[in-house]
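Enquirer: If you want the building blocks of each chain, they are given just below.
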Amino acid sequence: MPDTITTIQVNDDRLPWQAGEHVAELLQRIGVVEPKAVTTALNGEFVPRGRRAGTPMQPGDVLTVFKAITGG
Amino acid sequence: MTSWTLYGTSLASRFLLGTAGYPSPQVLCDAIAASGTQVVTVGLKRTLAAAGDNGFIDIIRRSGARLLPNTAGCRSAREAVALAHMARELYDTRWIKLEVVGDEHTLQPDPWELLVAAAQLTRDGFDVFPYCTDDLVTCRRLLDAGCQVLMPWGAPIGSGQGLLNPWALRTLREQLPGVPLIVDAGIGAPSHAAQAMELGYDGVLLNSAVAQARDPVAMARAFRLAIDAGQLGHAAGVMAKQDMAVASTPVTGRPFLIG
Chain A
1 MPDTITTIQV
11 NDDRLPWQAG
21 EHVAELLQRI
31 GVVEPKAVTT
41 ALNGEFVPRG
51 RRAGTPMQPG
61 DVLTVFKAIT
71 GG
Chain B
1 MTSWTLYGTS
11 LASRFLLGTA
21 GYPSPQVLCD
31 AIAASGTQVV
41 TVGLKRTLAA
51 AGDNGFIDII
61 RRSGARLLPN
71 TAGCRSAREA
81 VALAHMAREL
91 YDTRWIKLEV
101 VGDEHTLQPD
111 PWELLVAAAQ
121 LTRDGFDVFP
131 YCTDDLVTCR
141 RLLDAGCQVL
151 MPWGAPIGSG
161 QGLLNPWALR
171 TLREQLPGVP
181 LIVDAGIGAP
191 SHAAQAMELG
201 YDGVLLNSAV
211 AQARDPVAMA
221 RAFRLAIDAG
231 QLGHAAGVMA
241 KQDMAVASTP
251 VTGRPFLIG
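Those protein sequences? They're chains A and B, same order as listed.
FYI, the numbering for the first sequence is 1 to 72, going by our numbering.
FYI, the numbering for the second sequence is 1 to 259, going by our numbering.
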């Protein structure tokens with residue numbers, strides 16, 4: 001089985017996919033201790049905070065996690 | 001200075017300040033105070049780093065200035081729309097500085113993608129501040145798409161070249177009366193900001209010129225004064241240019257009739 005379908009990607013890191021895991025649980029797994037301090041997109045589509053617990057991760061998915069920074 | 005309104009929000013300051021690239025949070029804090037700004041721009045970064053940002057965001061949030069998140073780094077309408085929604089969640093504001101870059105060399109906005117994104121975000125309930133070029137037709141299309149504010153560039157981002165095409169900026173001002181116009185990007189010196197305001201622009205947004213100054217706090221104050229001076233000069237009415245000299249002292253010919 002190709003590696004890409006048994007893993008997921010979180011930002012630049014590739015992680016093992018875990019069956020039944022949702023976005024909220026994945027954030028816990030990667031050590032996000034303050035969920036309100038991040039915002040997320042799954043495969044380029046915004047996942048609102050209120051939908052993280054109900055959005056399952058599928059093999060090959062790409063979760064992007066953003067934080068607030070300074071900007072021009 | 002006279003107040004103005006952006007999407008229903010009344011502001012006294014005409015100076016919008018970027019928050020990136022300052023040497024320390026305290027310098028940023030002091031620069032914000034010295035600038036008198038009421039609107040500061042912020043961004044989003046793809047990161048998992050547990051380490052903080054040295055307190056910059058806390059300083060910004062505590063400054064009391066209104067936050068204007070940007071979509072920096074986006075190259076398509078789809079990316080920009082997604083990032084705008086994420087910014088709204090993270091910063092709890094409908095305001096979005098919409099950036100969609102179409103050229104890697106000049107970082108020039110992509111007018112087509114910008115327009116698509118602006119229309120979608122307006123439908124989604126955002127107050128869109130589009131970073132655009134000084135092209136009149138593009139600007140009109142952005143207004144048609146629902147934008148109530150336009151932010152044409154003075155010069156490429158971070159170049160500090162000032163107003164490269166005053167004619168185009170003046171034309172925009174003349175053709176779009178009543179539309180809040182903010183020169184965004186390319187401002188390098190306080191005189192550039194004064195020039196924009198003398199053209200009748202409503203505000204100036206800049207970052208690098210302050211952040212990269214030897215003394216950012218003093219430069220923030222210099223821009224504040226220049227923007228105020230430019231606006232006051234415009235309101236007072238700048239004299240018309242003449243091709244030839246026109247004597248200002250009301251003498252009658254030469255002082256003496258002899259010789």
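Fair warning: there could be bad hints in the mix.
[To be verified] Dumping the calculated PhoX-like pairs for lysine-lysine here, alpha-carbon to alpha-carbon at most 20 Å:
id, chain 1, residue 1, chain 2, residue 2
1, B, Lys241, A, Lys67
2, B, Lys241, A, Lys36
3, A, Lys36, A, Lys67
[Stated by the list, open to error] Covered stretches of chain B, as calculated for chain A (at least 3 residues, CB under 8 Å):
id, stretch
4, 14 to 26
5, 31 to 43
6, 135 to 142
7, 241 to 251
These are calculated hints, taken from the structure and not from any lab test.
Just so it is clear, the structure is predicted and the values come from calculations on it, not from any experiment.
Don't be surprised by glycine CBs; every beta carbon is placed ideally from N, CA and C.
Enquirer: Run every hint past the structure and note whether it holds.
Expert: A quick look at each hint next to the structure:
| no. | hint | result |
| --- | --- | --- |
| 1 | Lys241/B to Lys67/A | 51 Å, violated |
| 2 | Lys241/B to Lys36/A | 56 Å, violated |
| 3 | Lys36/A to Lys67/A | 10 Å, holds |
| 4 | 14 to 26 | holds (count 5) |
| 5 | 31 to 43 | holds (count 3) |
| 6 | 135 to 142 | violated (count 0) |
| 7 | 241 to 251 | violated (count 0) |
Consistency note: the structure conflicts with the earlier hints numbered 1, 2, 6 and 7.
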